[in-house]
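A.B. asks: Heads up: the protein sequence lines correspond to chains A and B, in order. Each residue of the first sequence is one higher than the last, beginning at 6 in our numbering. Each residue of the second sequence is one higher than the last, beginning at 6 in our numbering.
What the hints contain is simulated information worked out from the structure, not anything from laboratory work. Among the clues, some could well be false.
A pair holds if it fits inside one copy or across any two, identical chains being indistinguishable in the list.
Unchecked claim - Heads up, simulated SDA-like pairs for lysine to any residue below, C-alpha to C-alpha not over 20 Å straight-line:
#, residue 1, residue 2
1, Lys203, Asp235
2, Lys415, Val811
3, Lys317, Met476
4, Lys203, His239
5, Lys712, Asp736
6, Lys16, Lys371
7, Lys599, Asn578
8, Lys133, Leu48
9, Lys362, Phe118
10, Lys203, Glu236
11, Lys395, Thr622
12, Lys317, Ser469
13, Lys317, Asp473
14, Lys316, Met476
15, Lys133, Gln795
16, Lys539, Glu373
17, Lys677, Val643
18, Lys599, Pro540
19, Lys133, Glu802
2 protein chains.
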Amino acid sequence: MTSPVIGTPWKKLNRAVSEESLEGVDKYWRAANYLSIGQIYLLKNPLMREPFTRDDVKHRLVGHWGTTPGLNFLIGHINRFIADHQQNTVIIMGPGHGGPAGTAQSYLDGTYFEIRPDITNDEKGLAKFFRQFSYPGGIPSHYAPETPGSIHEGGELGYALSHAYGAVFNNPSLFVPAIVGDGEAETGPLATGWQSNKLVNPRTDGIVLPILHLNGYKIANPTILSRISDEELHEFFHGMGYEPYEFVAGFDDEDHMSIHRRFADLFESIWDEICDIKATAQTNDVDRPFYPMIIFRTPKGWTCPKFIDGKKTEGSWRAHQVPLASARDTEEHFQVLKGWLESYKPEELFNEDGSIKEDVISFMPKGELRIGANPNANGGLIRQDLKLPKLEDYEVTEVKKYGHGWGGMKGGKEATRVLGYYTRDIIKLNPDSFRIFGPDETASNRLGAAYEVTNKQWDAGYLSSLVDEHMAVTGQVTEQLSEHQMEGFVEGYILTGRHAIWSSYESFVHVIDSMLNQHAKWLEATVREIPWRKPIASMNLLVSSHVWRQDHNGFSHQDPGVIDILLNKNFNNDHVIGIYFPCDANMLLAVAEKCFKSTNKINAIIAGKQPAATWLTLDEARAELEKGVAEWKWASNVKDGEEPDIVLATCGDIPVQETLAAAEQLDAEGIKFKVVNVVDLLSIENAQDNDEAISDEEFTELFTADKPVLFAYHAYAREIRSLIWNRPNHDNFIVHGYQEQGSTTTPYDMVRVNDLDRFELEAEALRAIDADKFADRIAYLEKHRVDTFQYACDNGEDAPEYTDWVWHEAKAKTEAAGAVTATAATAGDNE
Amino acid sequence: MTSPVIGTPWKKLNRAVSEESLEGVDKYWRAANYLSIGQIYLLKNPLMREPFTRDDVKHRLVGHWGTTPGLNFLIGHINRFIADHQQNTVIIMGPGHGGPAGTAQSYLDGTYFEIRPDITNDEKGLAKFFRQFSYPGGIPSHYAPETPGSIHEGGELGYALSHAYGAVFNNPSLFVPAIVGDGEAETGPLATGWQSNKLVNPRTDGIVLPILHLNGYKIANPTILSRISDEELHEFFHGMGYEPYEFVAGFDDEDHMSIHRRFADLFESIWDEICDIKATAQTNDVDRPFYPMIIFRTPKGWTCPKFIDGKKTEGSWRAHQVPLASARDTEEHFQVLKGWLESYKPEELFNEDGSIKEDVISFMPKGELRIGANPNANGGLIRQDLKLPKLEDYEVTEVKKYGHGWGGMKGGKEATRVLGYYTRDIIKLNPDSFRIFGPDETASNRLGAAYEVTNKQWDAGYLSSLVDEHMAVTGQVTEQLSEHQMEGFVEGYILTGRHAIWSSYESFVHVIDSMLNQHAKWLEATVREIPWRKPIASMNLLVSSHVWRQDHNGFSHQDPGVIDILLNKNFNNDHVIGIYFPCDANMLLAVAEKCFKSTNKINAIIAGKQPAATWLTLDEARAELEKGVAEWKWASNVKDGEEPDIVLATCGDIPVQETLAAAEQLDAEGIKFKVVNVVDLLSIENAQDNDEAISDEEFTELFTADKPVLFAYHAYAREIRSLIWNRPNHDNFIVHGYQEQGSTTTPYDMVRVNDLDRFELEAEALRAIDADKFADRIAYLEKHRVDTFQYACDNGEDAPEYTDWVWHEAKAKTEAAGAVTATAATAGDNE
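Take the sequences, apply the hints, and build the full model.
C.D. replies: Quick look at the structure:
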């Protein structure tokens with residue numbers, strides 16, 4: 006299940022780069038520049054062979070020229086390099102808004118014609134290719150999933166390096182030149198991305214060659230890295246473990262062939278260094294090498310008019326987007342555009358019929374080595390199903406022996422630790438295609454069993470075995486204290502055909518909200534309209550150290566709102582989102598298995614890591630997960646066919662615990678209820694919005710047509726409101742969730758201040774049924790909540806009635822004692 | 006309105022640090038360490054004067070020891086420094102989970118007793134102080150707003166430097182030692198935070214002294230920066246423009262007084278350098294200096310037991326949280342704890358009555374110079390209201406002259422450009438207490454008028470006036486391509502008593518979702534329970550380049566979901582959130598004024614930057630804003646007292662435009678409607694959840710008791726559902742919003758694919774009223790939507806019926822022609 010080896014990796018050239026190749030590169034560069042400008046500006050008459058007029062210019066000129074010629078230059082050279090070395094290569098184009106460079110490249114390597122048979126290699130196809138760019142009915146302006154060869158859209162900046170490094174983990178034959186814009190280099194995620202070289206091993210992983218595209222300007226400003234001294238720039242990169250090579254061109258009248266020769270020579274010498282690093286690593290994989298990187302200092306908008314309207318354009322921020330914005334409206338701009346296009350000598354690049362001349366592309370790689378055809382950039386092609394161990398081997402079996410709700414806060418199972426055994430064995434079965442990522446939290450989130458079979462990969466130096474536990478220069482666990490890095494690594498890893506899980510503290514998933522958005526958008530575009538992109542493994546995100554057990558860390562660690570981010574991406578039956586709230590360890594196992602088998606999704610699995618009850622057998626969990634929601638008949642006290650007074654609905658491990666504790670009391674008070682648990686949040690979504698949700702009939706069957714539903718929910722209540730607003734009986738839902746009430750005290754104070762504790766839930770149920778009738782009990786409960794807080798204040802921990810509570814025992818006791826109806830007696834039992 | 010000068014800034018000591026001071030520092034260090042351990046472990050008997058037993062240990066041991074002794078050491082020395090120099094100083098404690106160090110410091114500088122009179126300076130107060138830490142009824146475990154002196158909670162890592170630099174902008178007398186944890190240093194936001202030194206000027210701003218707290222370990226791993234070579238470490242910082250000074254201590258048996266002497270000498274020599282930088286800058290503020298920074302390499306958990314249970318603890322990740330987890334449960338751990346506490350010699354630190362001995366604290370600064378008392382760290386104390394120019398001077402007056410809906414997509418006003426004139430003049434009136442921040446987007450978002458009166462501050466080097474426009478080494482606009490930096494700078498700036506606005510592309514606000522969460526939580530805690538923190542200026546966030554005009558950038562730039570992030574923080578009548586959707590330039594002015602006058606809020610202002618109609622006069626805008634929502638009688642066609650067939654509700658500039666275009670047609674079809682516009686999203690929230698929202702009576706008055714309400718909304722429809730689920734008539738709301746449908750074509754294709762275009766809105770209104778009766782018209786509209794897309798495909802731009810549409814003209818035309826009822830005729834008019 007290793008990633009496929011394509012070509013003959015890591016071979017030195019051992020000869021000079023041929024003049025023919027470099028002539029090819031120069032033609033590629035001119036052709037790609039011409040194709041880029043054509044995409045931005047031209048509506049028709051793509052080769053200016055008909056009389057060329059302003060009518061041929063698009064009405065709306067959109068796109069980004071500034072970064073594009075530099076990208077075209079680099080990609081031309083990378084093509085030459087791949088062909089000469091037959092090197093398995095995927096590129097990352099950080100400045101994704103240079104989209105025309107990406108499409109031009111796949112036009113020239115021929116892959117575009119393969120995925121888009123409507124675009125033919127002739128003048129007609131060229132016209133269509135130009136016209137479609139960021140045009141009605143056309144394609145996006147970025148290096149989007151629509152473009153073959155892309156695994157990095159580059160619309161939101163910051164992730165070029167984490168994607169690149171994610172792609173090379175366990176991919177020892179893969180070379181990834183990663184072009185980083187100097188604008189992107191100012192973002193936080195990119196700034197820490199450079200440090201990824203401390204987490205890869207040159208023997209077992211591929212090699213990333215970062216190329217800083219230092220063209221000096223952003224939309225409206227210079228870039229920081231372009232305005233510091235050369236000394237600082239070199240120290241900066243060397244200090245991060247790179248050997249920087251600066252290449253400067255385009256600021257004088259140096260002949261282009263001379264520039265190509267210089268760059269090719271530099272690239273080959275860097276490549277020799279990389280091959281040496283690879284070779285050395287075969288016998289010594291312990292000493293971290295200085296990896297080469299390139300500082301590519303060229304003018305922004307390179308080769309465009311130097312001045313437009315008297316203002317410096319090439320080499321300035323004015324070249325960022327569309328330098329000739331009035332090319333359709335004014336003859337003056339139009340003539341400049343014409344001259345600019347002609348400067349690339351299209352007559353040398355295109356045949357009579359508009360097809361590309363053979364000598365423009367003859368130097369390029371063939372077959373799977375083409376940038377647009379490398380299967381690593383269409384990971385679904387090479388993805389294999391994970392080998393999954395038998396889930397039954399990990400089941401918490403005490404439920405079968407002792408009954409539902411086995412264990413409790415003391416003596417119960419830590420759900421994520423059980424998951425850890427499962428993921429440990431997945432690593433065993435898939436030793437180089439499944440990884441665990443974590444922002445310093447893998448052990449904290451209880452996935453540490455992995456260290457029985459693998460190590461944390463760490464290539465940044467070792468001190469002493471007294472402190473360096475479970476670490477090695479190669480291993481299947483990756484940690485850095487950066488959610489951005491983890492999310493980016495996972496994306497790069499799964500986009501290249503592998504599988505992963507990563508875990509985060511619940512609140513800090515928000516750090517990468519925007520990355521989840523972007524990945525979801527990539528998936529949405531893919532499932533909607535890109536059939537040639539084969540399904541990739543899902544992004545599996547274990548959300549642990551959740552809000553309900555963050556009392557010790559306080560308010561800043563209490564935010565379950567990532568669900569909203571994901572709900573916004575749940576649309577149109579794309580099914581790219583999964584949101585799961587396993588109630589216990591067995592359900593977590595079932596959910597994990599489902600997630601690992603799924604493709605093209607972001608799965609958020611919100612699970613506790615603290616000792617807790619196990620409610621269900623694995624079989625029950627699987628059966629419930631099938632639908633996403635189920636009545637827990639063993640916890641309900643209505644008979645079949647009988648109408649309950651109230652439905653007690655639960656979603657999340659703590660809501661289940663508190664609801665069942667309340668249910669025991671309600672049972673004692675003679676209330677008829679049924680308990681319904683939701684594990685797959687989207688299963689209850691309005692049926693009209695989700696064709697995988699349960700039907701309205703099933704919804705009514707579960708939640709009744711007209712009874713109150715007390716819904717105890719893990720996260721913000723408004724999420725439930727927004728999901729079920731058109732469901733039968735929705736106005737009868739009383740939703741209790743996280744209320745933005747922090748606590749720095751005890752676990753049960755967290756639920757108490759957020760009105761999700763057993764006493765408030767009980768009181769709320771009674772209010773919903775008959776507030777007058779149960780007035781005494783309600784008053785007692787309200788007071789008791791205060792009293793239990795006082796208990797915690799007096800004792801420094803929660804009262805035993807919480808901490809020692811075990812469903813099975815209490816129920817057994819209640820059953821033995823017979824139904825207790827007197828409020829006072831029940832209250833007494835409760836203390 | 007300049008920030009106050011406290012003490013006598015930037016004076017060299019010109020003598021050796023006295024032995025007495027250093028003895029004080031050592032006592033401070035011991036006392037702070039003792040106080041820290043006491044907070045984590047001790048329930049009572051704080052000075053072990055009663056027989057000391059396991060009963061005196063807390064039941065739940067929570068907190069983070071690992072970083073704390075290093076923090077105590079540094080803060081002790083900073084106290085000595087402040088006292089010796091009388092230097093205006095605010096500290097940033099990046100590792101905020103070392104909260105005990107923060108509370109210990111304000112216990113020792115006396116500010117804690119001032120804000121918490123229940124904590125007295127005696128054994129009883131000490132017991133309470135220990136007990137309350139992360140304890141029921143107590144205080145958070147971080148350097149939270151509850152602790153005086155803090156402007157940085159440090160719960161979510163990454164923002165220590167952006168907060169520090171934000172505090173020093175326009176604060177030339179302020180010195181900010183910013184302690185950065187080596188875990189935090191691995192995050193993206195922190196990694197780019199170092200580059201902030203390119204954006205400050207030593208003449209007009211204060212000075213940040215970063216101190217890398219290199220203690221080597223995170224929760225479970227070594228840190229990257231602790232495991233690279235010294236050479237790399239130095240190059241890294243020097244390459245980022247710092248002169249790094251490494252201080253190593255604690256790894257051998259060096260006498261503590263010797264360590265203190267070495268550190269104080271280093272600090273003084275660094276301070277001399279800083280004073281030289283300041284002095285030089287008075288005559289040369291152009292050449293960027295290398296700012297000093299300190300690499301503080303000491304053992305994690307310094308001074309705790311070296312081994313516990315045979316495992317290395319001091320100097321390892323095992324010291325991260327609570328090293329002696331069983332101190333209450335086992336005598337063995339308890340005895341270790343006892344010895345550890347005794348090692349600080351509490352008898353030398355506390356008097357008989359438990360108060361702090363005078364010679365522990367006599368070396369510390371007094372009055373406002375105390376870390377806990379510096380008014381810069383309680384910005385509301387020094388905040389002055391912004392001087393705001395008269396809003397009328399910026400009003401778009403054409404509405405008065407030509408009527409409502411003046412202008413259109415062509416010829417209309419760019420709302421944010423009008424705001425730009427206003428903010429320009431705010432800078433004029435408040436030249437050193439109001440700043441504009443932007444991630445390279447200030448001009449793109451049309452706030453460029455500021456450059457008429459100020460410049461972009463840029464201290465990273467200049468090339469040529471051909472490209473370097475509107476830049477200077479000091480100025481009131483700050484740009485870096487990092488939303489993290491902008492948000493962090495604004496937080497630092499307003500938390501120290503000043504005012505700001507920053508702008509972002511709508512989609513990329515998600516990059517700093519988590520920072521908005523954290524700032525909101527800071528505000529929530531403040532308004533709920535910290536009366537001594539005075540109100541600070543609001544975080545004003547202009548959300549522009551919004552989703553509806555991102556067709557050219559494509560799907561990755563289309564995400565309006567930040568509203569959900571903010572809605573989750575809108576709870577409990579804290580009123581820390583404002584969400585505004587100004588319909589036009591005049592409303593944007595009114596909203597901006599309201600936001601600039603507000604305090605303790607996060608205000609999101611979602612406004613377009615493209616030419617668009619102006620609907621309201623400034624007076625009308627202000628009147629509507631007062632309530633947050635208003636009927637637009639001039640756009641409605643029902644007479645007073647008459648019941649409409651439908652309510653056309655709008656929220657957002659594009660929804661308004663499309664709805665009013667639909668309304669014209671509905672008018673022609675004889676439909677009776679009223680138009681209701683929502684500018685303040687929270688005004689329509691369920692009344693029970695928001696005491697500033699309109700009443701249910703007002704809601705019914707606006708939205709009727711039982712008529713359909715077609716709600717055209719800027720963002721995700723589910724947000725509206727979650728806000729109004731308990732409002733009268735809520736089940737009759739038909740909400741159209743952004744549907745996660747990307748477009749890369751034209752502005753009107755964006756609305757079309759998201760069902761927010763005029764034709765779909767018209768059709769939906771007709772469906773809601775009488776689908777059968779209007780079947781022909783509906784069918785026509787459905788086809789027409791397809792046709793207009795085809796028009797765009799054929800022509801490369803939207804049809805004139807969209808782009809040339811102007812409310813006033815069309816209405817005038819309709820009125821002149823009389824009501825057109827025949828569907829065919831209306832359709833004809835429309836083309």
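A.B. asks: Run every hint past the structure and note whether it holds.
C.D. replies: Verification of the hints:
no.	hint	result
1	Lys203 x Asp235	between (24 Å within a copy, 15 Å between copies)
2	Lys415 x Val811	within (9 Å within a copy, 69 Å between copies)
3	Lys317 x Met476	between (54 Å within a copy, 16 Å between copies)
4	Lys203 x His239	both (18 Å within a copy, 17 Å between copies)
5	Lys712 x Asp736	both (10 Å within a copy, 18 Å between copies)
6	Lys16 x Lys371	within (17 Å within a copy, 69 Å between copies)
7	Lys599 x Asn578	within (18 Å within a copy, 41 Å between copies)
8	Lys133 x Leu48	within (8 Å within a copy, 76 Å between copies)
9	Lys362 x Phe118	within (15 Å within a copy, 83 Å between copies)
10	Lys203 x Glu236	between (23 Å within a copy, 16 Å between copies)
11	Lys395 x Thr622	within (15 Å within a copy, 69 Å between copies)
12	Lys317 x Ser469	between (58 Å within a copy, 10 Å between copies)
13	Lys317 x Asp473	between (56 Å within a copy, 11 Å between copies)
14	Lys316 x Met476	between (57 Å within a copy, 17 Å between copies)
15	Lys133 x Gln795	between (74 Å within a copy, 16 Å between copies)
16	Lys539 x Glu373	within (16 Å within a copy, 65 Å between copies)
17	Lys677 x Val643	within (6 Å within a copy, 50 Å between copies)
18	Lys599 x Pro540	within (15 Å within a copy, 49 Å between copies)
19	Lys133 x Glu802	between (71 Å within a copy, 16 Å between copies)
Hint violations for this structure: none, all hints satisfied.
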